[in-house]
Amino acid sequence: MTTPGKPAPKPAPKPAHDPIGALILRLTIVTVGVLLIAAGTASWLSLRSFDPLFQPELARKAQTVGELLTTQVNRGLAVQIPLNRMPGLGPLVEEEEERHADIAYVAITDPSGQIVAAAGAPLVGLKAMAPGRVSGSDDGRLVDGFIDVIHPLGDALSPSGWLHVGVDSAYLAKASTNLMLDVLSVVIVAVLLIFEILQLVVNLAMRRALALRLLADRAEDGDFRADLPPNTARAGGEPDGSAAENADIRGLLDGVNARYAALSARVADAVRQFGPDDARVKRAQDGLAALSARFRFRDPERRTSGAPEPTPLNLVFLRLPVFLFCLSEELSRPFLPAYAASFASELPWLTPDVVVSLPITLFMLMWAVSQPSGARFSERVGRSRSFLVGALLGSLGLAMTAFASSLLALIVWRCVTALGYGLVLITAQGIVIDHTTARNRAGGMAMFIGALLAAGVCGPVSGGMIADLAGFRATFLLGAGLALASGLAVCVLLLRGRSSPARTAAAATATRPAMGSALPLCRDLRFPVLMLLSAIPTKIAATAFLFCLVPLLLTADGATKAEIGRVQMMYFVACIVVSPLAATLSDRWQMRRGFIALGGLGTLLSCVPIVATHALWGPPLAIAFFGLSQALIAAPQFTLVSQIAREGGLPETAAIGWYRLIERLGGAIGPVAAMTIAVLTSYREAMLGIGLLCGGSALLFWMLFTVRKTPVARPQEA
Amino acid sequence: MIVGGGLALRTGAVIAATVALAVLLSVILAGLKFEQKLRDITSSRLWVVADEMRRRVEYGLTLGLDLSELVDVQSQVERAASGAEILGVEVVDESRRVLFAADRAAIGQPTPIHWGLESGLVGDGVHQQIVGDALILGAPVHNSFGQAVGEVILRSSLGGLRGRIAKVEAELANGTFILDAVTGLVTLIAAFLTVRYGAVQFRRGTAPSVIAPHSAVRQRLGHGVAVADQAMAELERDLDSLTLREAKS
Numbered sequence: 001m002t003t004p005g006k007p008a009p010k011p012a013p014k015p016a017h018d019p020i021g022a023l024i025l026r027l028t029i030v031t032v033g034v035l036l037i038a039a040g041t042a043s044w045l046s047l048r049s050f051d052p053l054f055q056p057e058l059a060r061k062a063q064t065v066g067e068l069l070t071t072q073v074n075r076g077l078a079v080q081i082p083l084n085r086m087p088g089l090g091p092l093v094e095e096e097e098e099r100h101a102d103i104a105y106v107a108i109t110d111p112s113g114q115i116v117a118a119a120g121a122p123l124v125g126l127k128a129m130a131p132g133r134v135s136g137s138d139d140g141r142l143v144d145g146f147i148d149v150i151h152p153l154g155d156a157l158s159p160s161g162w163l164h165v166g167v168d169s170a171y172l173a174k175a176s177t178n179l180m181l182d183v184l185s186v187v188i189v190a191v192l193l194i195f196e197i198l199q200l201v202v203n204l205a206m207r208r209a210l211a212l213r214l215l216a217d218r219a220e221d222g223d224f225r226a227d228l229p230p231n232t233a234r235a236g237g238e239p240d241g242s243a244a245e246n247a248d249i250r251g252l253l254d255g256v257n258a259r260y261a262a263l264s265a266r267v268a269d270a271v272r273q274f275g276p277d278d279a280r281v282k283r284a285q286d287g288l289a290a291l292s293a294r295f296r297f298r299d300p301e302r303r304t305s306g307a308p309e310p311t312p313l314n315l316v317f318l319r320l321p322v323f324l325f326c327l328s329e330e331l332s333r334p335f336l337p338a339y340a341a342s343f344a345s346e347l348p349w350l351t352p353d354v355v356v357s358l359p360i361t362l363f364m365l366m367w368a369v370s371q372p373s374g375a376r377f378s379e380r381v382g383r384s385r386s387f388l389v390g391a392l393l394g395s396l397g398l399a400m401t402a403f404a405s406s407l408l409a410l411i412v413w414r415c416v417t418a419l420g421y422g423l424v425l426i427t428a429q430g431i432v433i434d435h436t437t438a439r440n441r442a443g444g445m446a447m448f449i450g451a452l453l454a455a456g457v458c459g460p461v462s463g464g465m466i467a468d469l470a471g472f473r474a475t476f477l478l479g480a481g482l483a484l485a486s487g488l489a490v491c492v493l494l495l496r497g498r499s500s501p502a503r504t505a506a507a508a509t510a511t512r513p514a515m516g517s518a519l520p521l522c523r524d525l526r527f528p529v530l531m532l533l534s535a536i537p538t539k540i541a542a543t544a545f546l547f548c549l550v551p552l553l554l555t556a557d558g559a560t561k562a563e564i565g566r567v568q569m570m571y572f573v574a575c576i577v578v579s580p581l582a583a584t585l586s587d588r589w590q591m592r593r594g595f596i597a598l599g600g601l602g603t604l605l606s607c608v609p610i611v612a613t614h615a616l617w618g619p620p621l622a623i624a625f626f627g628l629s630q631a632l633i634a635a636p637q638f639t640l641v642s643q644i645a646r647e648g649g650l651p652e653t654a655a656i657g658w659y660r661l662i663e664r665l666g667g668a669i670g671p672v673a674a675m676t677i678a679v680l681t682s683y684r685e686a687m688l689g690i691g692l693l694c695g696g697s698a699l700l701f702w703m704l705f706t707v708r709k710t711p712v713a714r715p716q717e718a
Numbered sequence: 001m002i003v004g005g006g007l008a009l010r011t012g013a014v015i016a017a018t019v020a021l022a023v024l025l026s027v028i029l030a031g032l033k034f035e036q037k038l039r040d041i042t043s044s045r046l047w048v049v050a051d052e053m054r055r056r057v058e059y060g061l062t063l064g065l066d067l068s069e070l071v072d073v074q075s076q077v078e079r080a081a082s083g084a085e086i087l088g089v090e091v092v093d094e095s096r097r098v099l100f101a102a103d104r105a106a107i108g109q110p111t112p113i114h115w116g117l118e119s120g121l122v123g124d125g126v127h128q129q130i131v132g133d134a135l136i137l138g139a140p141v142h143n144s145f146g147q148a149v150g151e152v153i154l155r156s157s158l159g160g161l162r163g164r165i166a167k168v169e170a171e172l173a174n175g176t177f178i179l180d181a182v183t184g185l186v187t188l189i190a191a192f193l194t195v196r197y198g199a200v201q202f203r204r205g206t207a208p209s210v211i212a213p214h215s216a217v218r219q220r221l222g223h224g225v226a227v228a229d230q231a232m233a234e235l236e237r238d239l240d241s242l243t244l245r246e247a248k249s
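Taken in sequence, the protein lines are chains A and B. End of the first sequence = 718 in my numbering, gap-free, step of one. End of the second sequence = 249 in my numbering, gap-free, step of one.
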């Protein structure tokens, strides 16, 4: 529709990069630097303050152990058995030394200091142990490093020998690795929190500039409906906002809308004057329809009714509510299986492992099933109310989970939480779809997914520490508070005084699967192959590993909840790091099938560090590798669904809706499958079993999924 | 616009508050962890006592006697309870009735101690819970067939330990306050300078044009409007010709 002879308007300059993003990045780097130094100093200060308390406490422990051992040895001495001929002294001291992690050595010497029996690394190779050597001789091994508690054996006045119990005087510093990891976790959580807060603060402070930028974005997309927000002039202390500038921008928008309104009126007049059957009138009507399809103008009726024009919505403000809500649920991740297991005695006919899987499975099932109806609900009642209802349900569910008195109550309240969780997530996706166009939807979804991943990193590690220090109940209640805060945040930040934009058909179907599209999708065999051999096994592994097997396995190995949280955090850290890279490379190299197969095999390989070793580094490495493998799969899988739909001439949004529903049903199967295998074998073997399922499926997928070399744009929904 | 003193101060204040909070949380976390570690050491010391008591009771059971028939356990219980900070030692049967106790008045009564959800396990199935200032340990007693027939329960005061910790915490609080204040100030200055650096860059024209909204927005908006105007102009010409022809006819 360009006029011949008239040059097309010059393209507007595009920004080189996002200056707000650059500012937030610089601030985050500065903050991380200060925070690391400050947190390190704080830890050193605490260590220095508490260290003097430990030595007397350790000495008392050594004293108690020494007294009990002395009593046992004295029984032998009382019946005239000399120390060097007393049987079982060696095993006795070895057993005692092994039983106490804080005792460095136990030794029995004769009156001259010759060792009769000894256990503990510091004494290896020593033959004699004169009292002077322990506290300050030149031996080099026992100098100054130990608190040596000595007990006379036999008669106290002329002892038959001496019992030495040694504790490491640097025990606290050496035992503080766990604490250092906890502090590091606090730093990571603080950095992510600061990042979230910074996004909010900077975007709030620059809201006028951002509102203008959104206006410009929309105008470039041909959408002229929006108006300047009424209260943005000079908002946030911005120095250069002026009424004249605003009037200029308003004038441009009003002008183009007025011209369109006048044009519509002229076409309507022409219809009245010449009749609708006139060929020229038809041409004018077609021209107007083409204009309406290409551009979006204000509805003249809306203006006459006095309704305000919608102002552009900055989706950064969606991040915080979504982050808070997901954080509320993620807090309970490290201990939920252990919490569920505490109700196992109620159902003696079910094994504890099956009992553990029930609330998790039903949560996933309820989440999956609630998605279509949740989408319809949020469309009917409005996004704001729907988000608030979801947040309230989540809050109620978490609060009541804290006070669950039976397994049935636990399951019911977990299902209520799942309903809220599903409703909030589907509503948040709806908000993104409502307020984005095809051009910027991927950015909006990235914002949403960024909040999910940040909550995934912060939640388990914080929840584990809080549960260790304050208990399960307090952690659930904190989660309930956060869920409530997310509901309030969405009302205050995002939707206060904002009318919902008109829903488009695409937006209405984007968040829920259309039932009629399932059959045509399945006619292309690639879709069922992708679902059965990749989407479902991947989600089975995700829920089985992350929500069930890892917490239970680590609990069984004696890990604290904070340690479990740290291990679970590794999954999300790997996802944050690898996901964007995998998405870009799989698109660039057109190797989506390869990435999916590699991710499936990677899932199998990720079991190796847990199955093959009991070392401390095994679980975090395995889960980091597992997160990496899952990150390889997510984006290519999603792109293939979109590609299949596009090639089959089917609506992409419906295909994506089905894909999400099917993979979430796979997620519901995960805990049951894992616990069934675990009941028959062990947690480690259950992991291996699920890993084999993923690895085998990946190979089959590689063989059965046929590739068509069609370049596909990155889909707009996630 | 924008990257002026107001934003710099506001952003700096928010970051400083969050960093100060994180530092405070680190100290609190470290304090709680160290306190927990100290309690663990105390608990493991008392576990040694409870375990020894259990061993002695189990040794008696190997002789074929019933738990309630081990008469020498009463004196052992009283001896164990004489230790510093130990509040009481009891031996209960499987119905949780007290058979032997340092406090003889408790004998024959049901024990008020039950192991709930918040109780933990310390070595060899020994239960542990903290109620107020009391640390309670329970070591299960097994007969020769491995069946649990009772429990040795030991209660100890954590009052002394908590007093010592409170003293250290009071000293630590002063240091933390200074550290927090310094950290907050440094963060505020660092954030302020970072934002101001952005402002200087902007004034020198090195920042991207999008920061200056009016000129850039005006240009982009103008471009969008121009495209729409062009499209509308064509339709207007069609309508003009229609009206003109009608007027001529």
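Honestly, I wouldn't trust all of these hints.
[Stated by the list, open to error] For each label pair, taking beta carbons as the anchor points, the in silico distance ranges come out as: (1) B:Gly83 / A:Pro87: 42 to 52 Å; (2) B:Lys167 / A:Thr584: 55 to 65 Å; (3) B:Asp240 / A:Gly255: 14 to 24 Å; (4) B:Gly160 / A:Arg99: 45 to 55 Å; (5) B:Val182 / A:Ala446: 35 to 45 Å; (6) A:Ala101 / B:Val182: 57 to 67 Å; (7) B:Pro112 / A:Ala101: 28 to 38 Å; (8) A:Thr584 / B:Val182: 36 to 46 Å; (9) A:Ala121 / B:Glu171: 31 to 41 Å; (10) A:Leu347 / B:Glu171: 44 to 54 Å.
Hints listed in this document are in silico derivations from the structure and should not be mistaken for laboratory results. Quick reminder that beta carbons are idealized off the backbone N, C-alpha and C, glycines included.
Now the hints, each set against the structure:
1. The hinted window of 42 to 52 Å between Gly83 (chain B) and Pro87 (chain A) is violated, with their beta carbons roughly 30 Å apart.
2. Between Lys167 (chain B) and Thr584 (chain A), the C-beta spacing of about 57 Å keeps the proposed range 55 to 65 Å intact.
3. Distance hint for Asp240 (chain B) and Gly255 (chain A): a CB-CB separation of about 19 Å, consistent with the stated range 14 to 24 Å.
4. Judged by the Cβ atoms, the range 45 to 55 Å given for Gly160 (chain B) and Arg99 (chain A) is violated: they are separated by roughly 25 Å.
5. Distance hint check for Val182 (chain B) and Ala446 (chain A): the Cβ-Cβ separation is about 37 Å, which falls inside the suggested range of 35 to 45 Å.
6. Remark: the range hint 57 to 67 Å for Ala101 (chain A) to Val182 (chain B) is contradicted by a beta-carbon distance near 37 Å.
7. Distance hint for Pro112 (chain B) and Ala101 (chain A): a CB-CB separation of about 32 Å, consistent with the stated range 28 to 38 Å.
8. In this structure the supplied range 36 to 46 Å holds for Thr584 (chain A) paired with Val182 (chain B), their Cβ-Cβ distance being about 42 Å.
9. The supplied range of 31 to 41 Å is met by Ala121 (chain A) and Glu171 (chain B), whose beta-carbon atoms lie about 34 Å from each other.
10. Between Leu347 (chain A) and Glu171 (chain B) the C-beta distance comes to about 51 Å, which sits within the given range of 44 to 54 Å.
Of the numbered hints stated above, those contradicted by the structure are hints 1, 4, 6, listed in ascending order.
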